[in-house]
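Q: Each chain is listed here by its residues.
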Amino acid sequence: MTKRTIRDLLGDHPFFADLDPEYLDLIAGCGQNVVFAADTPIAREGEPADFFYVLREGRVALDVHEPARGPIVVATLSPGDVLGWSWLFAPYRWRFDVRALEPVRAVALDGVCLRGKCDADPRLGYDLVHRFAGIMVARLESTRLQLLNVYGWPA
Amino acid sequence: MKVDGAASGPVVLDTAGLAAAVETLIGDGWSVIAPTVRDGAMVHDVIESVADLPTGWGDKQEPGRYRLRRRDDSARFGYAAPAQSWKRLLFPPRTTLWRAHRPPPGSADRDAGDFVVQVATATPRYAFLGARACEVRAIEIQDRVFLGGAHTDPGYRAARESALVIAVNCSSPADTCFCSSMDAGPRVASGADVVLTEVAEPQHREPWYLAEAFSDRGAALLRRVPSAAATPEAIDAADAVVANAAAHMGREMPDVDLHELLSESLEHPRWDDVAERCLACTSCTLVCPTCFCSSVEDVTDLTGTEARRDRRWASCFELDHSYLHGGSIRSGIRSMYRQWLTHKLGTWFDQFGTSGCVGCGRCVTWCPAGIDITEEIRAIAGPHLQEVTP
Amino acid sequence: MTATATATGPMAPMVPHRYRVVSRHTETSDTVTIHVEPLGDPIDAPRPGQFAMLWAFGIGEVPISFSGLPGDGRLGHTIRAVGTATSALAASEPGTVIGVRGPFGNGWDVGDADGGDVMIVAGGLGLAPLRPAVDAVLAERDRYRRAVLLIGTRSPDDLMFHDDLARWRGRLDLDVQVTVDAADTGWHGDVGVVTTLIGRVPVEPGNTLALVCGPEVMMRFTTRSLIDRGLDAERIRVSLERNMQCGVGHCGHCQLGPELVCLDGPVFAWSRVAAQSAVRER
Numbered sequence: 001m002t003k004r005t006i007r008d009l010l011g012d013h014p015f016f017a018d019l020d021p022e023y024l025d026l027i028a029g030c031g032q033n034v035v036f037a038a039d040t041p042i043a044r045e046g047e048p049a050d051f052f053y054v055l056r057e058g059r060v061a062l063d064v065h066e067p068a069r070g071p072i073v074v075a076t077l078s079p080g081d082v083l084g085w086s087w088l089f090a091p092y093r094w095r096f097d098v099r100a101l102e103p104v105r106a107v108a109l110d111g112v113c114l115r116g117k118c119d120a121d122p123r124l125g126y127d128l129v130h131r132f133a134g135i136m137v138a139r140l141e142s143t144r145l146q147l148l149n150v151y152g153w154p155a
Numbered sequence: 001m002k003v004d005g006a007a008s009g010p011v012v013l014d015t016a017g018l019a020a021a022v023e024t025l026i027g028d029g030w031s032v033i034a035p036t037v038r039d040g041a042m043v044h045d046v047i048e049s050v051a052d053l054p055t056g057w058g059d060k061q062e063p064g065r066y067r068l069r070r071r072d073d074s075a076r077f078g079y080a081a082p083a084q085s086w087k088r089l090l091f092p093p094r095t096t097l098w099r100a101h102r103p104p105p106g107s108a109d110r111d112a113g114d115f116v117v118q119v120a121t122a123t124p125r126y127a128f129l130g131a132r133a134c135e136v137r138a139i140e141i142q143d144r145v146f147l148g149g150a151h152t153d154p155g156y157r158a159a160r161e162s163a164l165v166i167a168v169n170c171s172s173p174a175d176t177c178f179c180s181s182m183d184a185g186p187r188v189a190s191g192a193d194v195v196l197t198e199v200a201e202p203q204h205r206e207p208w209y210l211a212e213a214f215s216d217r218g219a220a221l222l223r224r225v226p227s228a229a230a231t232p233e234a235i236d237a238a239d240a241v242v243a244n245a246a247a248h249m250g251r252e253m254p255d256v257d258l259h260e261l262l263s264e265s266l267e268h269p270r271w272d273d274v275a276e277r278c279l280a281c282t283s284c285t286l287v288c289p290t291c292f293c294s295s296v297e298d299v300t301d302l303t304g305t306e307a308r309r310d311r312r313w314a315s316c317f318e319l320d321h322s323y324l325h326g327g328s329i330r331s332g333i334r335s336m337y338r339q340w341l342t343h344k345l346g347t348w349f350d351q352f353g354t355s356g357c358v359g360c361g362r363c364v365t366w367c368p369a370g371i372d373i374t375e376e377i378r379a380i381a382g383p384h385l386q387e388v389t390p
Numbered sequence: 001m002t003a004t005a006t007a008t009g010p011m012a013p014m015v016p017h018r019y020r021v022v023s024r025h026t027e028t029s030d031t032v033t034i035h036v037e038p039l040g041d042p043i044d045a046p047r048p049g050q051f052a053m054l055w056a057f058g059i060g061e062v063p064i065s066f067s068g069l070p071g072d073g074r075l076g077h078t079i080r081a082v083g084t085a086t087s088a089l090a091a092s093e094p095g096t097v098i099g100v101r102g103p104f105g106n107g108w109d110v111g112d113a114d115g116g117d118v119m120i121v122a123g124g125l126g127l128a129p130l131r132p133a134v135d136a137v138l139a140e141r142d143r144y145r146r147a148v149l150l151i152g153t154r155s156p157d158d159l160m161f162h163d164d165l166a167r168w169r170g171r172l173d174l175d176v177q178v179t180v181d182a183a184d185t186g187w188h189g190d191v192g193v194v195t196t197l198i199g200r201v202p203v204e205p206g207n208t209l210a211l212v213c214g215p216e217v218m219m220r221f222t223t224r225s226l227i228d229r230g231l232d233a234e235r236i237r238v239s240l241e242r243n244m245q246c247g248v249g250h251c252g253h254c255q256l257g258p259e260l261v262c263l264d265g266p267v268f269a270w271s272r273v274a275a276q277s278a279v280r281e282r
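Protein sequences appear in the order of chains U, D and B.
First residue of the first sequence? That's 1 in my numbering, and the numbers climb one at a time after it.
First residue of the second sequence? That's 1 in my numbering, and the numbers climb one at a time after it.
First residue of the third sequence? That's 1 in my numbering, and the numbers climb one at a time after it.
Derived from the structure by calculation, the hints contain no laboratory data.
Positions of the beta carbon are idealized from the N, C-alpha and C atoms, including for glycine.
Mixed in with the good hints, there may be bad ones.
[As the list claims (entries may be wrong)] Here are the simulated distance ranges between beta carbons:
{"id": "1", "chain 1": "U", "residue 1": "70", "chain 2": "D", "residue 2": "149", "range": "54 to 60 Å"}
{"id": "2", "chain 1": "B", "residue 1": "279", "chain 2": "U", "residue 2": "70", "range": "42 to 48 Å"}
{"id": "3", "chain 1": "B", "residue 1": "73", "chain 2": "U", "residue 2": "144", "range": "41 to 47 Å"}
{"id": "4", "chain 1": "B", "residue 1": "182", "chain 2": "D", "residue 2": "331", "range": "51 to 57 Å"}
{"id": "5", "chain 1": "D", "residue 1": "157", "chain 2": "U", "residue 2": "144", "range": "50 to 56 Å"}
{"id": "6", "chain 1": "U", "residue 1": "135", "chain 2": "B", "residue 2": "201", "range": "14 to 20 Å"}
{"id": "7", "chain 1": "U", "residue 1": "144", "chain 2": "D", "residue 2": "123", "range": "56 to 62 Å"}
{"id": "8", "chain 1": "B", "residue 1": "172", "chain 2": "U", "residue 2": "34", "range": "51 to 57 Å"}
{"id": "9", "chain 1": "B", "residue 1": "73", "chain 2": "D", "residue 2": "215", "range": "42 to 48 Å"}
{"id": "10", "chain 1": "B", "residue 1": "45", "chain 2": "D", "residue 2": "215", "range": "39 to 45 Å"}
{"id": "11", "chain 1": "U", "residue 1": "144", "chain 2": "B", "residue 2": "26", "range": "28 to 34 Å"}
{"id": "12", "chain 1": "B", "residue 1": "172", "chain 2": "D", "residue 2": "310", "range": "21 to 27 Å"}
{"id": "13", "chain 1": "U", "residue 1": "64", "chain 2": "B", "residue 2": "45", "range": "38 to 44 Å"}
Generate coordinates for the entire structure from the input sequences, incorporating the hints supplied.
A: So, in structure tokens, the structure goes:
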């Protein structure tokens, strides 16, 4: 059995479905395999968002730290999801704490490296931003439903 | 006058014959309910004899207006639909469905908390005299609601199955009538035991009646009262009365597929327009002979040992009609009116296989704002009408 | 003249059957599950997805779905205390006698998924009418292929049916996933609305029957997510709620366009009610 390359792993991930193979090569050049043990921090609010993560195994939690209550989980992400878009927008800092809930395997993609490639090739930049925008739309809808207290029956 | 023993075929009744029919029914234990004038209004009530019928009375109906008037003949059925329909007898405005009793809470009774339910089983025996084609059709429509589905309403069934219907073909439609265009009148086509056509004579001479039995019970009644065989001339005269009525409908429902029109017009601007005029007073639903919505109310005594379940008429114009979890689904008049009209003329077909409208015009007459459903349909149909009208 | 009414007698279906509360279990801060057993004539055996009209003596009557059908004549009802009648019913201690009319409505007919996959999606109290459907699937598990149960609630404290959840989660032939809107770190499940779960489970759209119950907004977004995953709206069933006072199609309150929800529903193919549900009332 041959070892699967970063490019293979990215190519199999739904986030990169149907991406131009040429771009897959380019993006793979910014990636590295990472693992996190259960209950370890992956990112911390306010710190530089140098990477984003293509989740392959294990779930992660997005937390907000509330002084009197400790962490409050605002969302969990699962394999098939991508974690982080702060690398794409100034000031390139994490907005939430991120924690591995289970042993996590992911491909970490270097944001600085990717931003450079997007700036050099706006078609790649548009494609990536478009993919992230789709995720943001879905997360925004979910967040709105959470705000609605959609199970409050009756309100 | 000879007694006609024929089992079928129309016969002619004079006043004595009609009087004999009423007497026979009363003698047989029927409560004969007929239109009668009381306090300046036409109401349905128990009558003792033909003398209680509104002889020489007619009416004048317009959107938002109702007046009794004297006729220049002695017709007993020379008016259109009065405010109240027969609905209130078969489906009373308020009725107690059952009562329940239990031992006082906390008592040592071994059945503490358990209750016993009792229902009233008295069944009225009504003979409806003077029901019009539109009203008989309305009863047939309510039959579909209360008896036609998987579940039947026991109170309605009891009253309905015993009721005898002596209908009268309409001679004097009002300005608000449109039964012809709803295929519901002015001639009674079915649903009655006996159908009369009243032929009024000038100078206040006594009217006479062409009588047709539509059921065995009706035929049996006619055999027991003095009558004459109907001559071709008598039949022609009666037909002319009905033809004249058909020619004098005050209104007409536009000839369009109402079910389709309304299902496609839920966002028509006319709903906003009518909402400006409608007062949501519920009058139309109360006078409508087919409206069947009801609400239940639980009543209990202070000791908590006696309880009662009452059912009363409800209206889709009441805010709590669509109440669900702290709010009403239809909270504005636009929605309420749209519900009433789209149900009456449209979705009624989906639910019961007929229109819910019989063209009696009551909702037009008794609307304090004079809203006319034929006019509302005309406005909504707009371009559709031009397509079908040459 | 009066007569003692038997609920199966001439006044059926308007007369309540007498049932005694035999157990009362607190589910959440405002929701309890009661089980009742008949004192006299029982109602006909209900099917999953049907509902009953429950009567608190002298207080009022409300439509409540069956949340438990143990099959021994007892009936389970999960009741959220929001009004006078529901509060009285929810407060009914064992021994209390309540009135029961029904069963009314059509039910989930989960057997229509025969030979295919079943996906059950519940939001909040919507799990109550689905619980008998889950058990119906498990009772004849061989008839179905993949079975998925997705549950969304406001918080971990709002989760109901802990024993059933433990039992369901213990089965290898039922994929149970639970998500909440917000939680502290003591919660190890998912956080996010229930629609996010739909994107995470394998779906074979042409071969799946989905049963959805929850507040109407939740069902609308859920059906959208299911359709996004390729399901046909005819294969998505929702259970609707409207004002109901008779249960037999006579009182008129539960109309949704052409539908009488108590009679034609409460379970509808989404294809049948999507357009009506989109009509704006105001």
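Q: So, for every hint listed, does it hold in this structure?
A: Now for the hints, and whether the structure bears them out:
Here the CB-CB span from residue 70(U) to residue 149(D) is close to 58 Å, well matched to the stated 54 to 60 Å. Distance hint for residue 279(B) and residue 70(U): a CB-CB separation of about 46 Å, consistent with the stated range 42 to 48 Å. Between residue 73(B) and residue 144(U) the CB atoms are about 45 Å apart, so this pair conforms to the stated range of 41 to 47 Å. Taking 51 to 57 Å as the suggested C-beta distance range, the pair residue 182(B) and residue 331(D) does not conform, at roughly 31 Å.
Distance hint check: the CB atoms of residue 157(D) and residue 144(U) are about 51 Å apart, consistent with the given range 50 to 56 Å. Separation of residue 135(U) from residue 201(B) is about 18 Å and conforms to the stated range, judged on CB atoms against 14 to 20 Å. Restraint check, residue 144(U) to residue 123(D): a C-beta distance of roughly 58 Å satisfies the suggested window 56 to 62 Å. Roughly 31 Å separates the CB atoms of residue 172(B) and residue 34(U), a value that falls outside the hinted 51 to 57 Å.
In this structure the supplied range 42 to 48 Å holds for residue 73(B) paired with residue 215(D), their Cβ-Cβ distance being about 46 Å. Checked against the hint of 39 to 45 Å, the pair residue 45(B) and residue 215(D) passes, with Cβ atoms roughly 41 Å apart. Residue 144(U) and residue 26(B) have their C-beta atoms about 31 Å apart, which keeps the hinted 28 to 34 Å range intact. For residue 172(B) and residue 310(D), the Cβ-Cβ distance of about 54 Å falls outside the hinted range of 21 to 27 Å, so the restraint is violated.
Taking the beta carbon of each, residue 64(U) and residue 45(B) are about 50 Å apart, not inside 38 to 44 Å as hinted.
Checked against the numbered hints given earlier, this structure breaks hints 4, 8, 12, 13; the rest are met.
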